[in-house]
Every structure is written in C-alpha cells, then in structure tokens.
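Quick note, the sequences are listed as chains A and B, same order.
Per our numbering, residue 88 is the first one in the first sequence, and the count goes up by one each step.
Per our numbering, residue 29 is the first one in the second sequence, and the count goes up by one each step.
If you're looking for bench data, these hints aren't it; they were derived computationally from the structure.
A couple of the hints might just be wrong.
[What the hints assert, rightly or not] For the chain A half of the interface with chain B, some residues (derived, Cβ under 7 Å), not all of them: (1) A143; (2) L145; (3) S149; (4) Q172; (5) S175.
Here a beta-carbon is modelled for each residue, glycine too, at the ideal position from N, C-alpha and C.
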Amino acid sequence: MMETLELNGLSKIFNAPPDREVVALKNVDLQIASGEFVAVIGPTGCGKTTLLRIIAGLEAPSCGAILLDGKPVIDLHRISTLVFQQYSLFPWLDVLGNVAFPMEMKGIHKKERLKRAEEYIALVGLTAFEKAKPYELSGGMQQRVAIARALAHDPEVLLMDEPFGALDERTRHRLQKILLQIWQEKRKTILFVTHNIDEAIYLADRIIIMATEPGRIVAQKKVSLGRPRDRLTEKFTKIHLEIRNIIEQSA
Amino acid sequence: MKPEPTLPREGNSRKTAAPGLKRLPITLQGFILPGLFLIVWELGAVWLDNPALVPRVTAVLAVLLHPFTDLVGTGSLIWNTVVSLVRVLTGFVVAVVVCVPLGIFMGTSKILHRMVNPLVEMFRPLCPIAWIPFAMAVFKTTTVSQLFGVRYTDTILDSVQIGMIFIIFWGGLFPILLNTIHGVAGVRTLWTETARVLSASKAQIFWKVILPAALPAILTGLRIGVGIAWMVIIAAEMLPGADSGIGYLIMYSYELAEMQILVACMVVIGLMGLALNRGLQILSNRVSRWKALER
Chain A
88 MMETLELNGL SKIFNAPPDR EVVALKNVDL QIASGEFVAV IGPTGCGKTT LLRIIAGLEA
148 PSCGAILLDG KPVIDLHRIS TLVFQQYSLF PWLDVLGNVA FPMEMKGIHK KERLKRAEEY
208 IALVGLTAFE KAKPYELSGG MQQRVAIARA LAHDPEVLLM DEPFGALDER TRHRLQKILL
268 QIWQEKRKTI LFVTHNIDEA IYLADRIIIM ATEPGRIVAQ KKVSLGRPRD RLTEKFTKIH
328 LEIRNIIEQS A
Chain B
29 MKPEPTLPRE GNSRKTAAPG LKRLPITLQG FILPGLFLIV WELGAVWLDN PALVPRVTAV
89 LAVLLHPFTD LVGTGSLIWN TVVSLVRVLT GFVVAVVVCV PLGIFMGTSK ILHRMVNPLV
149 EMFRPLCPIA WIPFAMAVFK TTTVSQLFGV RYTDTILDSV QIGMIFIIFW GGLFPILLNT
209 IHGVAGVRTL WTETARVLSA SKAQIFWKVI LPAALPAILT GLRIGVGIAW MVIIAAEMLP
269 GADSGIGYLI MYSYELAEMQ ILVACMVVIG LMGLALNRGL QILSNRVSRW KALER
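Model the full assembly from the supplied sequences, consistent with the hints where possible.
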C-alpha cells in the first residue's frame, strides 16, 4: 500500500504564562497508508487532540511538516476534516442542511447537494430524520449526522476526536459498527483518537500509543484480527493487556 | 420577552362544576378586569360630567372609530400615526444599518471593541430623550425632503425631520449594538471551527455561521430598540417645534382640552407599541426557535 499521509517531525509548543513553555507534541513522525484505520490512544494531556487539530489545520505546528503523497499539503481543510467529541451540528439547520453544509461551501448546486446529502444521511441510517433539528436528536444520532456531514466534505483523511466519548456503551458499540461499515464502503483513511483501549482494538488496523510530558509517540501496535472483531476472544484481551502495559509503563 | 406561563389545565373544574369564575370559558377570563375598568371609567365620567377632564368611553370610541376624520385641524388620527411610524422606521433603519455591522465588528475584533467600547459606555447612561433639545437646536426643522434639496415633495418625507431621525437613532443604538455584540461574542468556537474544517472561507463562516448564530440576539436588540424608539418619538413630538405626529396630536388636544382625542391617542400609542413588539416577536420566534430549544 502506498503511504499517503506523512507526518514529519511535528512539534507543538504552547506559551503558558508566566514565561513557561508547554511541549504539547515533540517530534511526532507517522506514516498512514491510504485507506488505513489508525487509532491514537494515550492519557489526557498526551497531545493526541493537538495532533488531530494540527492535521485538521486548526492549529499550526511549531515545526514539522505534513505531506500527502510526498508533497507538502497547502490547504489542510481540503484534504481532511475533523469530527469533534462535542456535538457540533449547527442548531439552526436541520439534518439535511447540516449534511449539505460542506457541499454548500464548495458551491455545489442546491439540488445536487441535497440529493447527495440524502445519500450520506442514508449511509448513517437517519433518512427518517432528514427534516429534524439537532436538538430533536439523541447524542448518538447527532454524532451520526456529524459523521455524515464529514463524509459529505469528501476528505482524503477523516479525523475523529473521541467522537463516541460522550455516548453510553451500547450506543457507542452501535456507532463503532456503523463507522466500520462506512469505512469499508468508502475506503477513507481514518485517524481516530480515543482513550478507550477496547474501542481502539475493535476499530483500528494499527494503534499508536502516546505518552505525556512531552506529548510523543511511544509505541505502535498492529491489530491483525479479522473483522468483525469479537471483544470476548482471547486474542482481543491479550492485545488489550499489552496496550495497557505500555501505557502504564510510559506513564 | 419571557414566554407566557402556561396556565393550569381547566379540564376537571368543569366536571366538579365549580361555581362562579371557573365556569367561564378560558378566553373570556382575561376580559373581565379590562371590561370592569371600562365600566368604572364610564360611570366615573358620567358622574363627574366634565369632558374636559375625563372623557366618556363612548366619546373616545367615536374618535377611534373615525380614524380618517380631520381632528382639530391637524390631520386625521391615521395620518398622524403614519407620520410617527414613518419617522420611527426611518430612524430605526438607520440605527440597524449602522449598529448591526458595527456590533458584529466589535463582537469579532478585540481591538475595535477596546477602542469603541469606552465611547459606548460614555453615552449609554444618557437617556435618549435628553438628546431631543440638542437635536432640535442642531437640525432645526430640516426635513428629509430638504436634505435632497427640495422644500416640498408632497410626500410624507416632508414631515420626517432629520432631528427626529437622529434621536430615534440614539434610542435604538444601544439595545441593537449591545445585543449584536453579545450575540456575536456568544457564537461558539466549536461552530466556527467545524465550518473551518469543512473548508468554509472567512466570508462563508461569517454569512453561514456567525450571522445565523447571532441572529436571535440581534433580533432581541431590534425588538427592544423599536420599543424605545417608539417611546422616544412620542416624547419628541410633544415638544415645541413639532408640527405633526401622534405625540403632537396628543399635546395639541391637551391644549384644546379635547380629552377624548387625547385618550384616543393614548390608546393608539399603546396599540402601536404592542404591534411593533409583537411583529418583531413573531419574526424572532421563527428565527430563534433553535436557541430556545437547544440543550
């Protein structure tokens, strides 16, 4: 597989008053293949969200570069988009309007973008709620709409910052299944931040483990289990323990 | 304005056949006291028998029911109401056109906010009515028509004085400006960041995120502003130098002791204030529904 997304020595230093510097990220190198599902896991403050925000173009790195197919990326918003942990739907728009939003930004004709938005909404199984407003939806439904909206942007890389973090376990498991289905159908590259080891193993091809002070990558772990994965198998639990050990040792 | 509190359901009261007021249809219950008020007024007026002090309800009604009749040589009730309304709306439009963009800039730019805010705070405690004499001195009786270089245009603009527009502008300025600033400052970073990661340009973020997100607060500002503008114009028209308008008519009928016209004017002023408020409220409810229901 060709390596599409390449992070080269990414660092981020925040200035914290008075005269203190916080190294949120130090020298992060990472290659992500096209269509790969990568999970990033680590304790609070390890810079995983900062890493995602840099790739999403919301934060400029202090140094380092992001390359796509070996070329520096000029407009990160064009190649990637971010699904936030918080419910980020625009409350003044209905589901259809939210999902059509990124296509509206691209200047796609109204009829065309509504038609395509309907397809993305169907993909997350919310066709019956096209006309609903965000406040009428449950948290899980809102995140499904947020995923549909992110897909409607049609990015090369889908960045997800603990998108299921605020949901109850059953809903989370359902959304994980839906996400895997979409990923297998659309073959997007996904970089998924979580602090839930179980979630990372269930979803990802590869797990990146980060540690704090300074925020850095300490280990990587390939998950070579067939899909759909069963959380109750011995292999699954073994990987779970391995990752937990790495996290505890690096703390 | 706060939503009206929902009254307890009256379903069971009918079954238990409670006597008296509870048996009245719900819609009628609100009319009892106003009706009583009118009756007491009418009886008082008949008993006093001094129409130069307290006019009879029927006399006031007679004025209200003939709104196109010329009153004491100052034009009809309708004409004077329209003149006041046009003044308010002209001044109000100027206030909106200036204050909404200014408020948006002040809400988004910290530097501009720091620069302009002291000026805002300096003038804010000043009652807009205090500006009236100053406005009359500066603008005299210059009308909008004269602004275009003609003395008379035979349109309603002949009755819209620059000074009036000026003070209405001041009346609307602060509620509109402050609510707009508040609305824009309340736009969540999450929404603008979401728009950014979905490739929205700066202009698109402004038109498609900041403006719709701030619109409920802006409309609240407009509603408060139009209420103040309406009060201010009545006061301005009551002062010497005014030649028309509902405020002028009320003052003139006072001088002639035509109390039935005076009270009719009061009714109209109240009704117009209510209508302006309600109109904007309906618009605002439609636009701001998400704000009220948002978690």
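Checked hints:
{"no.": "1", "hint": "A143", "verdict": "holds (5 Å)"}
{"no.": "2", "hint": "L145", "verdict": "holds (6 Å)"}
{"no.": "3", "hint": "S149", "verdict": "violated (20 Å)"}
{"no.": "4", "hint": "Q172", "verdict": "violated (10 Å)"}
{"no.": "5", "hint": "S175", "verdict": "holds (5 Å)"}
Of the numbered hints given earlier, the model fails hints 3, 4; all others are met.
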